[in-house]
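Can you build the whole structure from these sequences, using the hints too?
Chain residues, written in single-letter form:
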Amino acid sequence: MGMNDPKEQDLTLACCAAGTCEEEESIAPPSSFLKDVVIAYRRNRLAMVGAAIVLILFLMAVFAPWLTPYDPYAIDLEVMTEAPSWSHWLGTDQFGRDLLTRILYGTRISLVIGIVPTLLSMIIGTTLGLIGGYYGGKTDMVIMRLCDIVLAFPSLLLAMVVMYTLGATLVNIFIALAAVGWAGTARVVRSQVLSLKEKEFVEAARAVGVKNRVIMVRHILPNCLPALIVLFTLGIPGAILSEASLSFLGVGAQPPTPSWGLIVTSGKEFLFSAPWVAIAPGLFILVTVLAFNFMGDGFRDALDPYMKQ
Amino acid sequence: MLKFILKRLLISIPILIGVTVIIFFLLNVVPGDPVALMMKEHISVDVVARVRAQMHLDDPAIVRYFRFLAGALRGDLGESYKLNRPVTSLILNAFPNTFVLALWAALFAWVVGIPAGILSAVKKYSLPDNLFMGFSLLGVSMPVFWSALLFQYVFAVKLRWLPVAGFEDWRYVIMPAIVLGWSSAGIIARLTRSSLLEVMRNDYIRTARAKGLHELPVIFGHALKNSLLPVVTVMAIQVAGLLAGAVITESVFGIPGVGRIAVNAIQARDMPLLQGAVLFETTLVILGNLAADILYAFLDPRIKAA
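From first to last, the protein sequence lines stand for chains X and U.
Per the numbering used here, the very first residue in the first sequence carries number 1; after that it's consecutive.
Per the numbering used here, the very first residue in the second sequence carries number 1; after that it's consecutive.
Among these hints, one or two may not hold up.
Only some residues are given here: those of chain X computed to face chain U with a beta carbon under 8 Å [stated by the list, open to error]:
#1 L156
#2 V162
#3 F248
#4 A278
#5 N293
Simulated crosslink set (DSS-like; lysine-lysine; CA at most 30 Å straight-line) [stated by the list, open to error]:
#6 U:K225 <-> U:K124
#7 U:K211 <-> U:K124
#8 X:K138 <-> X:K199
#9 X:K35 <-> X:K197
#10 U:K225 <-> X:K197
#11 U:K3 <-> X:K138
#12 U:K123 <-> U:K3
#13 U:K3 <-> U:K225
#14 X:K199 <-> X:K211
#15 X:K268 <-> U:K158
#16 X:K268 <-> U:K7
#17 X:K138 <-> U:K158
#18 X:K197 <-> X:K211
#19 X:K211 <-> X:K138
#20 U:K211 <-> U:K225
Simulated from the structure, these hints should not be mistaken for laboratory data.
Quick reminder that beta carbons are idealized off the backbone N, C-alpha and C, glycines included.
Here's what the structure looks like:
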């Protein structure tokens, strides 16, 4: 409960009028969902730091061309693997490309890789979790066994196999990570649906003849939203790390794409002579992952009262 | 108890079959002729056709799947395209290396994680607590290959304490074990801390304190045993995860294990080898989860009754 779904309120009110509602408080929370969450979130200092870093990363991604005078792909053999200096703040790589520039442009890739596959796996997982949890029976069994199978794979290995089959392109990274990631979401959503569908407001909706699909989408789904927000925020760093690992193993992003994982990989060769090439992009991965983790933890704490069912 | 184990075993079988289906169909729909790949030179069309027939590559996928399954059950995972050796023997030769690495990583995770978790719980919000929890957060937020490179840079290149890569004596296993075990150690520390803090809120702990026991006997004599229950389960699951998750660590440190076989097989587009390695590692994970469930049932009498 706790979402301001007007229909849900109408139905609960109708129940109350019929004398079936025992507690006045269960109709709606005293203040708005969004306001409560924002207030609780802002109280968490680390979560605010995480949000600030994520905002900066988004700005870096959007304004990358204006933030640097260099081209991320332009090769300049005069300045190969140069140490950090005033003209190249983080030094240059083996092709004389400005490292900071490549990392700035890499922000775009990392954010897209973090968000798109996570969103995809959330959509697949939520749909299957809703269907399985709501209808139960054989449908549920099939979906849950499929989840068990996908979750049995070491996720990096499964993603590697998918990339091997599909070929190493950006779109295929989305597919591989979504194919690996949906099962966890499906399980969480299903367990939420199982408890939600026993609630009075669902029963009331069913009693007045609301169609199953409408009940799932308009009444149950909004109540899964708190859990989904947390899963989404915590899924992003996982996807970013997975892409970096795939790229490191050669089945992810391909050169000359300025993917952070790929830059670290190329720096591996120069660990002795030019350690900054490997170290700097890794630091960006670390900070990004930490920031999203902080945000996810913040959301989890802020949304906690809404997730107890 | 026996009934529980049997039931749990029976659930694992369809999962394992599902895993073989997914691996087989993912890897056998891949475009590109393995025969042409095996014979690097230009070869005539009828030679290709003959070899294809020999390898039964023209049979329908479903027939080939059942042949693969029947072979896997006998322990025959086919022959590597590139190395011309049975996949099973390649994997079994590499497995001891993976096992040694995973074992040391697990030991590191336990020896560091559990005491760190206990200390963090006992001295909640103290400097060591914040420090341990910070390190644990770092462990799960760092890309493994990057922390591996950092270790190599600091301890092998700069300080020259340890060899950069390879797998000869005990000195070679230190860095990879720490890199691989770090995130597991962090997870164990966090779990131990939260579990111990929860147990410490119980009434029987208050009773123990009320009868005048000092804090140390309360923790080690009463609280710890119960709080380690979830930790032990996670430890069992982690061992399987470490065995299967050493892909990157093995690649960076040049350890000839099963994970490195999988990576090499991808680079060489050696399908049977990749198929065998992935099936082997996934089976390990399934067995690990099974062991964890059974272990938990042994440790927690409430499960046995259910």
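Broken hints, numbered, in rising order?
10, 12, 16 and 17
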